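These protein sequence lines are chains A and B, in that order.
Under the working numbering, the residues of the first sequence are numbered 1 to 463, in order.
Under the working numbering, the residues of the second sequence are numbered 1 to 191, in order.
Just so you know, the hints here were simulated from the structure itself, not pulled from any lab data.
The structure presented is a predicted model; accordingly, all values stated were derived computationally and were not measured.
Any given hint could be a false lead.
[Claimed, not checked] To list a few chain B residues with every Cβ distance to chain A over 10 angstroms, as calculated: (1) Ser-57; (2) Gly-68; (3) Asn-101; (4) Glu-115; (5) Glu-132; (6) Arg-138; (7) Gln-150; (8) Asp-158; (9) Ile-159.
[Claimed, not checked] Pairs of lysine-lysine residues, derived as DSBU-like cross-links and limited to a Cα-Cα distance of at most 30 angstroms, are as follows: (10) Lys-362/A - Lys-414/A; (11) Lys-174/B - Lys-162/A; (12) Lys-385/A - Lys-362/A; (13) Lys-10/A - Lys-121/B; (14) Lys-10/A - Lys-162/A; (15) Lys-385/A - Lys-360/A.
Glycine is no exception: its CB is placed at the ideal position from the N, C-alpha and C atoms.
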Amino acid sequence: MNGPHTLFEKVWARHEILRRADGAALMWVDRHFVHEGSHHAFARLAERGLRVAEPGLTFGVVDHYAPTRERGWIADPAIRRMIAMLEENAEGHGITCFGLEDPRQGIVHVIGPEQGLTVPGVLINCGDSHTSTHGAFGAIGFGIGATEVAHVLATQTLWQAKPRVMRIRVDGALGPGVGAKDVALGWIARLGADGARGYAIEYAGPVVEALSMEGRMTLCNLSIEGGARCGMVAPDAVTLAYLEGRPFAPAGADWARAAEDWLTLASDRNAGFDQDVVIDGHEIAPVVTWGTSPEDALPITGMVPDATSSAHARDALEYMGLVPGRPLVGTPVDQVFIGSCTNARIEDLRAAAAVLAGRKAKVPGIVSPGSSLVKAQAEEEGLDKVFEAAGLEWVASGCSMCVGMNGDLVAPGKRCASTTNRNFKGRQGQGARTHLMSPAMVAAAAVAGALADVRPMLEGRPL
Amino acid sequence: MSGWRRHTGRIAHLAMENVDTDQLIPARFMSAPRSAGYGSFLLHDVPEAAPQLTGASILVAGRNFGCGSSREAAVYALVDFGIRAVVAPSFGDIFAANAVNNGLLPARIDTDFLERLADAKGTAEIDLEACEIQVEGRTVPFFLDPAWQQKLINGWDDIDLTDQHQPAIRSFRKAYRDQAPWAWPGREEDA
Ligand code: SF4
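Next comes chain A alone, as it looks inside the complex:
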């Protein structure tokens, strides 16, 4: 490759097998994750009598329908069937599967990195839109539909049009109580839920460099909520430190060669971006959503917006049961949820526990760690005790109330402060009212029984 290139272009070029005259490129896929929802794709394969082309590059995980309580016996036959179907398909095709009883089980976008399956420079697909999470490692990760899942299973390749590249640079530094979730919801509010449609995003700048891998994953995870194909961060010493020694990461001589290679994957100094966005980190306050799209986000210090501004806002406010012009702070919530591939890693749980320690939640809620290994670590650190002492329920790992497929639902009309990624109508249950925010902000909402600014609650506490 000649001339200056972006991180995205470098990784893309490594995977392009060929390109047709109409622009469609055939891409090699390094990692393919499947979950219970992939049953349509396996059915297609079976219809055509095809086998999985590369079982060694395909990994299954039970997450979307995973029960978070009473795992030994699943009462709902539909849920039982979905999980059994994945486990059977995985076994039949010789795919490693992190099943319900596996100590490594968890949400696909949490366990990929945790197991060292997600590494820099690779291309990762999964039939789940938040596959963008894996870009935190300098990989290209994006979600695909069932037909494409079947195609990857059968060929280990995928047809793709090359997206344009947008850089989002976050300058300065973040204040206390402000994190990756606030940065993400902030840019989505500014550019819109389709603001990055057709783009791969590279996150850069001092704020991004200072983020831990977990923060970078949260940031990349939400790329899809701004419409982006994927989000990426250039690999650096933080990335290498996270990965070294992980079960599926390269080891020995391979590790040294890999590490050297991965550090070349930064955008060249003069690389051109199709769009450049600059954000000042100092200006970011903790963010909450007020509506039914992730773009409906405001600093917690703001007011419920004027409904006359658009049909969408009117409809969203009616669904959410909010009155324009009132402060967001103090809006009573009925329950809280801490979980999902966006915010259920160990640092997320620590951030929530730092707020909840020694305090009581005024409303009920559940805490579902992102993986069974995160759960074990949190228990070792005593975080489970903090949540339980505050009055929240500590449950097993899975997608849980992010999507409600396992039966963890918000009741109609109930308001939930949630660390998840989608405040869509009915996402957490029919008629559920979801406010998205960071784990620390959800903890603050639990303590206040209402939307609250976490910052005063953090004063004098170790962070």
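Given chain A, put chain B with the ligand in place with the hints provided.
For chain B with the ligand alone, coordinates are given in the frame of chain A:
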């Protein structure tokens, strides 16, 4: 999947922005096998949409249609209901790809043209080759990725297409593996 060039059908309007895939099909229906038919799940929890939809095959919607999850079930619901084309200023990326894989046209149009369609009722004709919609004597152009246009017209199946490239895939795999062995997952026992 069979290809198509022209379609004539009744227009329905869903004048909402950000119609996400959770609205198109709520998660609770997604464990059903496709053979069960997904049409009755379409916009199940958006009852205000139902009256407009009956008998329509062309859906005119607001910006960012099909945003959200990768669930292809959202497309199954539209297709099984009888929708052949969705016309909107923008689409969720994954939704649009899923649509094309099921013969459903995601026709992107300028917001100005959307306004011209806003009061259109009755029948419209879609010309996939010209990328135009004819309705009530007016012609409205739409945008479609050329690769997707070919796929819709020819009803191509990607797995069959890719099969023709097996030699290229095999030689790519070999060269790539030699060049970047660390791109293959390590094994726990090697660590
Ligand atoms: S936690 Fe939610 S967003 Fe993440 S993979 Fe599961 S369902 Fe998808």
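Against the structure, the hints come out as follows:
no. : hint                  : verdict
1   : Ser-57                : 21 angstroms, holds
2   : Gly-68                : 6 angstroms, violated
3   : Asn-101               : 4 angstroms, violated
4   : Glu-115               : 14 angstroms, holds
5   : Glu-132               : 20 angstroms, holds
6   : Arg-138               : 24 angstroms, holds
7   : Gln-150               : 6 angstroms, violated
8   : Asp-158               : 5 angstroms, violated
9   : Ile-159               : 5 angstroms, violated
10  : Lys-362/A - Lys-414/A : 15 angstroms, holds
11  : Lys-174/B - Lys-162/A : 23 angstroms, holds
12  : Lys-385/A - Lys-362/A : 17 angstroms, holds
13  : Lys-10/A - Lys-121/B  : 49 angstroms, violated
14  : Lys-10/A - Lys-162/A  : 12 angstroms, holds
15  : Lys-385/A - Lys-360/A : 12 angstroms, holds
In this structure, the hints that do not hold are numbers 2, 3, 7, 8, 9 and 13, in rising order.
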